[in-house]
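J.: Just so you know, the sequences run in chain order G and S. Under the numbering used here, the very last position in the first sequence is 115; numbers go up by exactly one each time. Under the numbering used here, the very last position in the second sequence is 182; numbers go up by exactly one each time.
Read the hints as simulated data drawn from the structure, not as lab findings. For clarity, every value in this text was computed on a predicted model and none was experimentally measured. We put the CB at the ideal spot given by N, CA and C, even for glycine. Any given hint might turn out to be false.
[Said to hold, decoys possible] The following label-pair restraints were derived from C-beta to C-beta distances:
#: 1; chain 1: S; residue 1: E43; chain 2: G; residue 2: I73; range: 47 to 55 Å
#: 2; chain 1: S; residue 1: P128; chain 2: G; residue 2: Q35; range: 43 to 51 Å
#: 3; chain 1: G; residue 1: A39; chain 2: S; residue 2: A176; range: 39 to 47 Å
#: 4; chain 1: S; residue 1: T83; chain 2: G; residue 2: I73; range: 20 to 28 Å
[Said to hold, decoys possible] Listed below are the simulated DSS-like cross-link pairs for lysine-lysine, each with C-alpha atoms no more than 27 Å apart in a straight line:
#: 5; chain 1: S; residue 1: K175; chain 2: G; residue 2: K19
#: 6; chain 1: G; residue 1: K20; chain 2: S; residue 2: K12
#: 7; chain 1: S; residue 1: K169; chain 2: G; residue 2: K20
#: 8; chain 1: G; residue 1: K19; chain 2: S; residue 2: K150
So you can see what is in the structure, the chains are spelled out below.
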Amino acid sequence: MIETEMEKNDNILDRAELKKAPFSVPEGYFDGLPQRVAARIAAEMPQRRSTPLRRWWMAAAAACVAAVVMLAIHLTPSAADTTAAAEEDEELIIEYLAYNGLSGAYLYEELAEAE
Amino acid sequence: MPEDSDIIRLFKAGQREEAFNQIVKNYGERLYWHIRRIVVVHEDADDLLQNTFVKAWQALERFRGDSGLYTWLYRIATNEVITFLNKKRQAQQPDCDPEALSGRLAADRNFDGDRLQMVLQQAIALLPPKQRLVFCERYYNETPYEDISKAMGTSVGALKASYHHAYGKVLEYVKAHIDIDY
Numbered sequence: 001m002i003e004t005e006m007e008k009n010d011n012i013l014d015r016a017e018l019k020k021a022p023f024s025v026p027e028g029y030f031d032g033l034p035q036r037v038a039a040r041i042a043a044e045m046p047q048r049r050s051t052p053l054r055r056w057w058m059a060a061a062a063a064c065v066a067a068v069v070m071l072a073i074h075l076t077p078s079a080a081d082t083t084a085a086a087e088e089d090e091e092l093i094i095e096y097l098a099y100n101g102l103s104g105a106y107l108y109e110e111l112a113e114a115e
Numbered sequence: 001m002p003e004d005s006d007i008i009r010l011f012k013a014g015q016r017e018e019a020f021n022q023i024v025k026n027y028g029e030r031l032y033w034h035i036r037r038i039v040v041v042h043e044d045a046d047d048l049l050q051n052t053f054v055k056a057w058q059a060l061e062r063f064r065g066d067s068g069l070y071t072w073l074y075r076i077a078t079n080e081v082i083t084f085l086n087k088k089r090q091a092q093q094p095d096c097d098p099e100a101l102s103g104r105l106a107a108d109r110n111f112d113g114d115r116l117q118m119v120l121q122q123a124i125a126l127l128p129p130k131q132r133l134v135f136c137e138r139y140y141n142e143t144p145y146e147d148i149s150k151a152m153g154t155s156v157g158a159l160k161a162s163y164h165h166a167y168g169k170v171l172e173y174v175k176a177h178i179d180i181d182y
């Protein structure tokens, strides 16, 4: 029976030569694998032990950022700006403050104290 | 080859490095080919294989022996591969583009295929990650669906449907990109 072109094409994925993955590895790759894995584990494990130190740095950095933000809020002329804005509608104030990167809740407290 | 139970006993007795070396020797090559057939490029397969062993090292203390060591490692490797492929797709990296993959493979000293093999690899690279994995496992290894199901946490029925769908897509791509006389 003559195989049609369609039948030939339909079987193309079933060809034995296709099922052999066409990959090779560098010479000696598997022989050296245990040593490379051991080196990788040794390299990665010390980073995990430094977590408490990393946490300390992150806490210190967060405290510095908070202090700078508080100082900026206290010193910026936006207090004068918001004094004028405080006479406007409440939602407009919050929107204005959010646009300038300031917390509406925090400044409400400031304005209440100023009054 | 030492039994899994002997290796685990050695590990828990404190001879961790020796036990783990044995695991790498026993299963490293098999895991490598499992990964390589899916990701294609040697450097990527090497990186993922090492990631797999690092995670296994961290988790081995908690290994309960519900499955064999190889099955457990195979699951870790499979998750690493799927995460890797998903990241590549999200980043739209070159391996997801058939022409870019061709270029990469043509320059790869560890790729020995002809034009037909290249087209097949392009077709496989276009599959979504889980379909790619199922296709490679069935097509190259004829891994039983039940074993793939345990590794991926997907039902056998869904895997069969996934393979059938992937096979159809790969076949269509190959037929469209090679000469009829091939």
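J.: So which of the earlier hints does this model not fit?
T.: Numbers 2, 4, 6, in rising order.
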